[in-house]
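Go ahead and model the full structure; you've got the sequences and the hints to work with.
Protein chains: 4
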Amino acid sequence: MSVVAQLLDAYPKDLGKVDRDKLVACVEACIECAQACTACADADLSESDVAELTKCIRTCLDCADICETTGRVLSRHTAYDANVTRSVLEACATTCRASGDECHRHAPHHAHCRLCEEACRRCEHACRDLLDSLG
Amino acid sequence: MSVVAQLLDAYPKDLGKVDRDKLVACVEACIECAQACTACADADLSESDVAELTKCIRTCLDCADICETTGRVLSRHTAYDANVTRSVLEACATTCRASGDECHRHAPHHAHCRLCEEACRRCEHACRDLLDSLG
Amino acid sequence: MSVVAQLLDAYPKDLGKVDRDKLVACVEACIECAQACTACADADLSESDVAELTKCIRTCLDCADICETTGRVLSRHTAYDANVTRSVLEACATTCRASGDECHRHAPHHAHCRLCEEACRRCEHACRDLLDSLG
Amino acid sequence: MSVVAQLLDAYPKDLGKVDRDKLVACVEACIECAQACTACADADLSESDVAELTKCIRTCLDCADICETTGRVLSRHTAYDANVTRSVLEACATTCRASGDECHRHAPHHAHCRLCEEACRRCEHACRDLLDSLG
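Chains as they are written, first to last, in this note's numbering: chain A, 1 to 135; chain B, 1 to 135; chain C, 1 to 135; chain D, 1 to 135.
If you're looking for bench data, these hints aren't it; they were derived computationally from the structure. Treat the hints loosely; a few may be bogus.
Pairs involving identical chains hold if they fit within one copy or between any two copies, as the list cannot separate such chains.
Quick list of in silico lysine-lysine cross-link-like pairs, BS3-like style, CA-CA up to 27 Å [unchecked claim]:
1) K13 to K55
2) K55 to K17
3) K55 to K22
Printed below as a string of structure tokens:
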């Protein structure tokens, strides 16, 4: 069991009706995607065709910031606010879509873009899965 | 002119139809609100009635994270993506509303909650103003 | 192989003499510790003895911020600056020590503090290991 | 009086011997520098000579992250830990120096680098001033 899952189990109050597996999966996907986007933006900077990758860098920087924030919000359970959670998950899914689409364009040429696209797709799906389960 | 405004003027490409004044105001409000929420959550921890302030702390922590991310996304103009900007502004306004409402409950007792509520209201309005101006 | 490790392998330029295994371990430890500290601070807020946990909350909040920043700095390799890397690793190790020590005091009573202490110790050691390997 | 200063005055417990003016100045400088670095890195991405600016982008990204974290740590006063504060201020001053030096190289050509260099210098000095005052 991951540390994320263990800490969720150690939360001292009732978590309500949330799907624990989807919540854990979403936190883990946010964290993974944030790091992948940070690394991909940096790898872009070291490519010889960096001038073709400026949109990719910008989108990855946004995605890293939003995924980190989403992972933090989802790691808090005290005084749960459904409106905040939903709006943050929507923003995260939207940004992962944008970043995944942009990395997709460069995936044939750059392995980091292929890996980053995969992380963005996983995170987008994890956010959508969690949003759907919130009813 | 603030450093935020000066840097916006120094951006080398066309910014499109965005309302520069509303954009600057929103970045400044996000930054101010993020710091206020961080300070308010900490001040809550040092109050003798901290047990009554746990919802305030949680909401302020979320708001600090989302305002910082929103301030960053709005400080980037390369490869502007309207969907990302809108969804992040919606999440920020939603969270500022929640945080402002919670601080409002404690404003009669704690000066930091009154100050933080004011910063949250300013940021919520700045986000809504910018969203409206995006058409 | 983790996504962190895969992205490191996909970096297009020479990484210099850095120990790749220690670098990957440190990024992973930073990310894990940041999430654990965010979750532990929130779990503290939901404990009935929250008034006894305010130092733990504060230290965990600092540790989450510094671990996230360290994970980001270590995920970038373009134009490596040894002074920046060292000073950030020192700050991270120092903060993980403080947070681990404080969580240690509460570990007998709260499972989340025990888990968080373990994450802080792993991250402190990973930072020290990487610092030592930098020579 | 800035919102940063007002919130410091609203902190409910004793702040110890810290120099309030230097503390406020440092929080404000960190926040200003973080935003300037985020905006400068993005402006770099939109310059036609982006391939010459990759070191500047990387250093600005690090500096934005570290300045934000430093501004957060300095905005918290509960259970003050001198070792954490010092190590974070050292890391921030070191990174602002690196970022200011790199922006200095591009300041003759790019107004955003000139503005960002100024923000980095102010923040480095504010960190050093606060460190010195801590004794």
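Evaluated hints:
1. K13 to K55: Only across copies: K13 and K55 sit 14 Å apart there, 43 Å inside one copy, limit 27 Å.
2. K55 to K17: between (40 Å within a copy, 19 Å between copies)
3. K55 to K22: Answer is between: at 24 Å across copies they meet the 27 Å cutoff, but 31 Å inside does not.
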